[in-house]
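**Student:** Assembling the complex is the task here: the two chains are given apart, and the hints tell you how they should meet.
Protein chains in written order, with the working numbering: chain F, 1 to 283; chain E, 1 to 156.
Honestly, the hints are just simulated from the structure, not real lab data. Keep in mind that a hint or two might mislead.
[Stated by the list, open to error] Part of the chain F face toward chain E, derived, beta carbon under 10 Å:
id, residue
1, Met-34
2, Pro-56
3, Pro-64
4, Phe-65
5, Leu-88
6, Arg-89
7, Phe-139
8, Arg-171
9, Trp-219
10, Ala-222
11, Gly-224
Every residue, glycine too, gets a C-beta built ideally from N, C-alpha and C.
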Amino acid sequence: MTVGDSAATPLSFRRSLSLTTRAWLATLVAVAVMVADARFDWLTPLRDGVSVLVRPLVAAGQWPFRVWEMLERTTIDVVALQKENAELRRQVLTLSAQIWEGAAARRENDRLRALLGFAPMPGTRLLPAQVLYDSPDPFSRRIVIDRGSNHGIQPGLAVAAAKGLVGQVTRVQPLVSEVTLMTHERMRIPVTVARTGMRGILWGRGEGALQLRDVLGEWSVAEGDEVVTSGLDGLFPTGLPVGRVTRVEHGGQVEPLVFVTPFEAGERWRQLLVLVRDETVAP
Amino acid sequence: MIVTLLAALALDLIPRPWMAVWGPEATLLTLTFWALRAPAWTGFGLTLLVSIALDVGRGAVLGQTALAAIWVVWGAQKWRSRVLWFGPLGQAAHLVWLWAGALALQVAVRWLVVGDGIVAYGYLLAPLWMALLWPLWYAVLLWPQRWRAVMPKHRV
Numbered sequence: 001m002t003v004g005d006s007a008a009t010p011l012s013f014r015r016s017l018s019l020t021t022r023a024w025l026a027t028l029v030a031v032a033v034m035v036a037d038a039r040f041d042w043l044t045p046l047r048d049g050v051s052v053l054v055r056p057l058v059a060a061g062q063w064p065f066r067v068w069e070m071l072e073r074t075t076i077d078v079v080a081l082q083k084e085n086a087e088l089r090r091q092v093l094t095l096s097a098q099i100w101e102g103a104a105a106r107r108e109n110d111r112l113r114a115l116l117g118f119a120p121m122p123g124t125r126l127l128p129a130q131v132l133y134d135s136p137d138p139f140s141r142r143i144v145i146d147r148g149s150n151h152g153i154q155p156g157l158a159v160a161a162a163k164g165l166v167g168q169v170t171r172v173q174p175l176v177s178e179v180t181l182m183t184h185e186r187m188r189i190p191v192t193v194a195r196t197g198m199r200g201i202l203w204g205r206g207e208g209a210l211q212l213r214d215v216l217g218e219w220s221v222a223e224g225d226e227v228v229t230s231g232l233d234g235l236f237p238t239g240l241p242v243g244r245v246t247r248v249e250h251g252g253q254v255e256p257l258v259f260v261t262p263f264e265a266g267e268r269w270r271q272l273l274v275l276v277r278d279e280t281v282a283p
Numbered sequence: 001m002i003v004t005l006l007a008a009l010a011l012d013l014i015p016r017p018w019m020a021v022w023g024p025e026a027t028l029l030t031l032t033f034w035a036l037r038a039p040a041w042t043g044f045g046l047t048l049l050v051s052i053a054l055d056v057g058r059g060a061v062l063g064q065t066a067l068a069a070i071w072v073v074w075g076a077q078k079w080r081s082r083v084l085w086f087g088p089l090g091q092a093a094h095l096v097w098l099w100a101g102a103l104a105l106q107v108a109v110r111w112l113v114v115g116d117g118i119v120a121y122g123y124l125l126a127p128l129w130m131a132l133l134w135p136l137w138y139a140v141l142l143w144p145q146r147w148r149a150v151m152p153k154h155r156v
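For reference, chain E alone in the conformation it holds in the complex (with noise of 0.2 Å):
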């Protein structure tokens, strides 16, 4: 888990001047299929260290990130037995709304609270960009555990 973690968050601190607001955020992505497929491992303190880190190294006024994260580890582990219970496509129609929702809070309330309104409205584009690459994001994520399932017994 740490380690993909880490690894998202490296790809959410690439330079992509062509996508630069509206891309999907990859930590964001693994934050949700980890509070999907090990809630137990996948609380809040965790999410608030790995966005805060994802602040940092944006350059992001701190506390943003983890404010749409939180929400989102809350919403995929409250429904999670029914989103799991649908195919990637499936869980990704529902977990859009749960995005969008979201990043729609982090907007506002980083307008009430610090008075900063939105400059790249592109950035509202984001969840769905993110609910196009929640199959293969999942599949990715799983694959370790579904190697496992099929090592030979022998091996521990």
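Excised from the complex, chain F in its bound form (with noise of 0.2 Å):
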């Protein structure tokens, strides 16, 4: 055996790298996957494959909810029940009114259309999804829901409730896809308000809260406004309720503050609806 002839020395007098160089090592590693992820978004693939080999884990960490939830159902109170199925029922009556009419409404603007000789508006359609959990990532406001590109959803398609927009997707696993809340502070949503027509830019404030800003042209907006979707950035449809306005501050600014409560701020969703461009629904 020959001095610094590593096959032959014993395990217990090798030298390899110590601790602290090891572990600064991996924290240049952990630094560049970060990089790789969030600012080049190269790392998709990896995300992929292994959000499949995690898929079990996450199915076996809510396994107690679900029992849970089938637990409530079926000790559920039957006068509750009746008393939901009436306001279920009504509900039903009021939207069928409200579908009938917007079908009308659509048959004649498609007609306006043809006349003036517009292109047809594209057509959605809405993809019920189940909120599987809330992101714990401290630095982010998101949502997973139980639909992936396997069931046809793309990034930057919108997410809906009963009362209007939630959110956006902006990442699509296989199985799962992360909805983005309208309310982060990277968020930006083209909107009208409804009585005046005057467009702007939505920007998420954190904590629930949006801000009206670069509105083009001259500021016509009052506290009570209805703020929609205005469809121009080619991923919202037209239209889609977003929140009220709340706060209108004239503080001797050049442009007034103008702060808009979203309609769907209650973070608190079982279930939502994406809203698929036609072109994009899984057969």
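**Tutor:** Put into structure tokens, the structure is as follows:
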């Protein structure tokens, strides 16, 4: 045996990198992974692959909640169920009337657009999705839904609940998707004030708040105005309810500060609707 | 070890709306335990793998949990002789600073590198809950080893 012959050196006498050096190397790897994922989106295949592997663990973690929900369903109060049923029947009648009115308006709109020579409006279908969980990531306001690329979901699609817009699909994996809530600091939604037609951009401000900024033309907005999507980004459908103007401050600034409270601000949804453009619906 | 890490991952992926971000990190607790009790088996490669799986499950940026976990494992291995000299409560008093420092580093690096600020400040309470949970965690993870120690000698 010669000195320095690593193959012949007993295991306990071999020297490797120190603990601290190895920690720094691992830190470099972690930072590189962060940058590659967050800045350049290079690790989507890795994320997709690992998400399929992690899925059984997520399901195992959710199993007690599923059992609890099942128990709740089996022990539900009959009187409460009857009341809920009556309320749902009333809502069905009201919604049916609104659907007839909407369909008639749609037909008239299509006819007028055809007369004027405009292209037909792209259709949208509603894909129901179940909220699996809120992301516990402290850096984001996201929820995870049980529909992914296997179900025809694509990044950028709008996600709504009963009263209006909730957020946007920002990451799609084969079996699940992540929805960034519209109150996230990085969310920007092109909107229109329904009463005046004023267009602007709605900025997420976190903590359930939105601010109307970047208005084109003259400001024409008042407290109580309804804000809907303008559809100018080609991602969100036109006219989807977003929120209501709750505060307008003219504090000597060039532009007033306009704050909007979203219609869907509960962040406790169980079922949501993904607004899928017709061409993206899975067969 | 692998079974406990998988169980901790499943625990961390449980939807917990009542403590969405400030709850204890089961994976970090388990990695700390194994870094103290079996440092030769708890390397940075394993730490990276487990942390990335957790990030994928949570929909977080990949690598952010790893950043905290790496330095927790480093600290636990570096000071294991001192930490193990104490009982579980004394260990928790030492480890809480390690967890707090690692999570603070994670927040700082993510802010510097990715540009994301923290939006849920309750997250900063997580080390406190982890310290409170540590004695129970330590006892549960140590239990199979105690059980083996009291097994009859004729059983292998």
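**Student:** Now look at each hint and say whether the structure bears it out.
**Tutor:** Verification of the supplied hints:
1. Against a cut-off of 10 Å between C-beta atoms, the interface hint on F/Met-34 holds, since the closest Cβ of chain E lies about 4 Å away.
2. Hint status for F/Pro-56: holds, given a least beta-carbon distance of 9 Å to chain E, under 10 Å.
3. With a cut of 10 Å, the hint placing F/Pro-64 at the interface with chain E holds, because the nearest CB-to-CB distance is about 8 Å.
4. The restraint placing F/Phe-65 at the interface with chain E holds, with a minimum CB-CB distance near 6 Å, inside the 10 Å limit.
5. Hint on F/Leu-88 is violated. Least Cβ distance to chain E is approximately 25 Å, over the 10 Å limit.
6. Contact between F/Arg-89 and chain E, as hinted, is not supported at the beta carbon level, the nearest pair being about 30 Å apart and thus beyond 10 Å.
7. Taking 10 Å as the C-beta contact cut-off toward chain E, the hint placing F/Phe-139 at the interface holds, the least distance being around 5 Å.
8. Satisfaction of the interface hint for F/Arg-171 is found here, the shortest Cβ-Cβ separation to chain E being roughly 7 Å, below the 10 Å cut-off.
9. The beta carbon of F/Trp-219 is not positioned within 10 Å of any beta carbon in chain E (closest approach about 29 Å), and the interface hint is therefore violated.
10. This hint is violated: F/Ala-222 has a C-beta 30 Å from the nearest C-beta of chain E, more than the 10 Å allowed.
11. The criterion of a C-beta within 10 Å of any C-beta in chain E is not met by F/Gly-224, whose closest approach is roughly 29 Å, and the hint is violated.
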